[in-house]
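**Student:** Protein chains in written order, with full-length UniProt numbering: chain A, 1 to 427; chain B, 1 to 427.
No wet-lab data here; the hints were simulated from the structure.
It cannot be assumed that every hint is accurate.
A pair counts as met if it fits within one copy or between any two copies, since identical chains are not told apart.
[As the list claims (entries may be wrong)] Taking lysine-lysine and the DSSO-like style, the derived pairs with C-alpha atoms no more than 27 Å apart in a straight line are:
| id | residue 1 | residue 2 |
| --- | --- | --- |
| 1 | K148 | K250 |
| 2 | K364 | K390 |
| 3 | K427 | K299 |
| 4 | K250 | K140 |
| 5 | K250 | K110 |
| 6 | K112 | K287 |
| 7 | K419 | K318 |
Number of protein chains: 2
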Amino acid sequence: MPISANDTKRKSWLTVHENSDFPIQNIPFGVFLTKENVVTVGTRIGDYAIDLGALQQMNYFSGIELTDDMFMQDTLNDFISDGKKTWRLVRNRIADIFDENNPKLKDNDKHKDIVIFNITDVEMQLPVLIGDYTDFYSSKEHATNMGKMYRDETNALLPNWSHIPVGYHGRSSTIIPSGIPVHRPLGQSLPSGETTPAIGPSRSVDFELETAFITTDANIMGEMIPISEAEDYIFGMVMMNDWTSRDILKWEYMPLGPFLSKNFATSISPWIVTMDALEPFKVPGPKQFPSPLPYLQQKGKHSFDIHLDVAIQPENGKANVVSQTNFKHLYWTMNQQLVHHASSGCRINSGDMMGSGAISGPTKENYASMLELTWGGKNPIKLSDGTERKFINDYDTVIMTGHCKNSQVRIGFGEISSKLLPPFVRK
Amino acid sequence: MPISANDTKRKSWLTVHENSDFPIQNIPFGVFLTKENVVTVGTRIGDYAIDLGALQQMNYFSGIELTDDMFMQDTLNDFISDGKKTWRLVRNRIADIFDENNPKLKDNDKHKDIVIFNITDVEMQLPVLIGDYTDFYSSKEHATNMGKMYRDETNALLPNWSHIPVGYHGRSSTIIPSGIPVHRPLGQSLPSGETTPAIGPSRSVDFELETAFITTDANIMGEMIPISEAEDYIFGMVMMNDWTSRDILKWEYMPLGPFLSKNFATSISPWIVTMDALEPFKVPGPKQFPSPLPYLQQKGKHSFDIHLDVAIQPENGKANVVSQTNFKHLYWTMNQQLVHHASSGCRINSGDMMGSGAISGPTKENYASMLELTWGGKNPIKLSDGTERKFINDYDTVIMTGHCKNSQVRIGFGEISSKLLPPFVRK
Chain A
1 MPISANDTKR KSWLTVHENS DFPIQNIPFG VFLTKENVVT VGTRIGDYAI DLGALQQMNY
61 FSGIELTDDM FMQDTLNDFI SDGKKTWRLV RNRIADIFDE NNPKLKDNDK HKDIVIFNIT
121 DVEMQLPVLI GDYTDFYSSK EHATNMGKMY RDETNALLPN WSHIPVGYHG RSSTIIPSGI
181 PVHRPLGQSL PSGETTPAIG PSRSVDFELE TAFITTDANI MGEMIPISEA EDYIFGMVMM
241 NDWTSRDILK WEYMPLGPFL SKNFATSISP WIVTMDALEP FKVPGPKQFP SPLPYLQQKG
301 KHSFDIHLDV AIQPENGKAN VVSQTNFKHL YWTMNQQLVH HASSGCRINS GDMMGSGAIS
361 GPTKENYASM LELTWGGKNP IKLSDGTERK FINDYDTVIM TGHCKNSQVR IGFGEISSKL
421 LPPFVRK
Chain B
1 MPISANDTKR KSWLTVHENS DFPIQNIPFG VFLTKENVVT VGTRIGDYAI DLGALQQMNY
61 FSGIELTDDM FMQDTLNDFI SDGKKTWRLV RNRIADIFDE NNPKLKDNDK HKDIVIFNIT
121 DVEMQLPVLI GDYTDFYSSK EHATNMGKMY RDETNALLPN WSHIPVGYHG RSSTIIPSGI
181 PVHRPLGQSL PSGETTPAIG PSRSVDFELE TAFITTDANI MGEMIPISEA EDYIFGMVMM
241 NDWTSRDILK WEYMPLGPFL SKNFATSISP WIVTMDALEP FKVPGPKQFP SPLPYLQQKG
301 KHSFDIHLDV AIQPENGKAN VVSQTNFKHL YWTMNQQLVH HASSGCRINS GDMMGSGAIS
361 GPTKENYASM LELTWGGKNP IKLSDGTERK FINDYDTVIM TGHCKNSQVR IGFGEISSKL
421 LPPFVRK
């Protein structure tokens, strides 16, 4: 089935600014709350949020097989369960409804009033109920940097890393959408030079700039996923800030991996950009050597050219870009991550989320965490207001943005913007 | 409020065999499917499953504030959300309904026909929708044994272990109730003497004998839980088989912890035994030295005297008990696990499940995994049919049972019985 929604010649009758992340060629999916306290599945074009539940009720999706309340829900899980064919039909239809040459909705002021909201008038929710959340560790540069700082300067990359898309299970209950502030966590750490730990506010709260993908139901328990089918089970992508406490991490992570150092918060961008929308930006990933085992081998272009950056905005200050990187630096592809995850027979459900790991690139400007950018705090970053940062300060806002761009179209993710607050005080 | 359901003098008008795990003093909660394809919340007395949804419809819970469909659901999450007071009221009421001196249901054959099922006529389901699953590592003996075999014989316990209830996030999507078979996982491992890995069926599938507890909503994001309140947030306990592939684990676990080696299956017993029912079996745990940090300090009895054992039953053979241990050997208590988990501000929800880690005790007979019992396969176990086991063979059934007993009452968990099948073959 052609992805007619990707037609770069198409224009919308809704205003879309030149540098918008959300032209009519994007059509991401999300969930929002209106001022009337209605929750609905929606999409976004330019600076407008569009109520897909209302569109469905008014028969704009006739001819597409959907359950009656498909979009009048507070998560996308059921829609995602319906599979790639349905996602494509719906996205193509939305493109058609908002095409400047289609008068049906354009000329129906009553319907437009019901369906279209200014983006500033809605509150974005988590787009899916995330059953299980996994985070990978797929940037060779990030894994190497971590190994150098936490383990062994000369032998930084562990032997398994080049054979396995290394990953671990994360915490679903604290995944939050952009806009929700995060409290500085308390936790145990080992003060420098001491042999017994202390508990207190983390002294080194960090971001990790990542992306994540959302899956559909992919297998039954016990069943592997052939890599040739992996793409069919990936609905779309979001940006992700994998908030991390470095001092808690260092003390707790041996031998079972990150726990409290990561589970206090994970922020994501609220619009899921579909893999269909990202299709024009496929690129080859880094050459993989040694050759992966056969179940992970794939030919062709399976990475994506996605520009990513992070800015730190102090309270009442300006945003300072501190890192610029690109998804294409990742060593392991999303297909490989998914296939490896299911290779044990682990069941993959609709709404599972899998993070990339910090997306550091080859140069220092590409490092995707403060730990790497300041090399463990040794080289603080100077901000435009004259202050310095080793890690994130209370009341700083961390802003992540991401987009793809070619000569014809820009497809973006919007942003994750989340403020770090002091530790929570119980009332 | 008194726990009248614990009255050891009470007898039920339902037959309960002398060594039953489910006297009227137990009253666990679970979810079952009837032959008429109805799913309901239920309890168990003797060898009878009792439909709480039907009891509620027929007004047997009048006077207790419950939503109308509280028990006509396929999970216990909403009931668990209602909190300890409601759990206790309902459990006390059930004890009253089935008390031999209460004729109300006893003498109503029509109602009895609707409410009571032979346990063999129902199919037990997962009792809760498990949002997040965490597994701890709280047996000092198990952590020491693992350290000796995987890392360093002379320095087996890592420095953080005595200060932190070490844990990691697990996979919810593959938690299954007793009775569901498990396929031997495929996975990468490093063959002995090689430097590059291979993929194939795991050669060392193991059990870990554990218990797990189920939580209710305990905090908001950012908020710690004071240890004095921890008990209020624990609904009850199940037994758990933390299936583990040792060869996959060894190759993958550095540096981010267990992943595919654990996520192919986790089996639990289907009846949640409430903390109220276990109250008479409270005992002190091991002395904790060094003293935990203040947020983990508690006085009094916070462990439980629960006998646990594991048997291996070969296809067409007899069950051979291979390990006998006790919950009271665990170093860290459930209260400490929960408080530590939330200390970062991690949100704890109704239906989260937290495993104990393998419950090994001080002697070899207490070791809670084949890895420890056979010391890495060096000392195979001889079964009654003359065959030997280093790990679990295809078509073996692993059976775990657990119960508490004093001179007045026996409160048990029933069993987890799950067969290991050969690797899944895609049709």
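**Student:** The structure should be examined with respect to each hint, and the outcome stated for every one.
**Tutor:** These are the hints, each one checked on the structure:
no., hint, result
1, K148 - K250, "both (13 Å within a copy, 22 Å between copies)"
2, K364 - K390, "within (15 Å within a copy, 49 Å between copies)"
3, K427 - K299, "between (57 Å within a copy, 25 Å between copies)"
4, K250 - K140, "both (20 Å within a copy, 21 Å between copies)"
5, K250 - K110, "neither (58 Å within a copy, 63 Å between copies)"
6, K112 - K287, "neither (49 Å within a copy, 69 Å between copies)"
7, K419 - K318, "within (14 Å within a copy, 61 Å between copies)"
Hint compliance for this structure: hints 5 and 6 are broken, all remaining hints hold.
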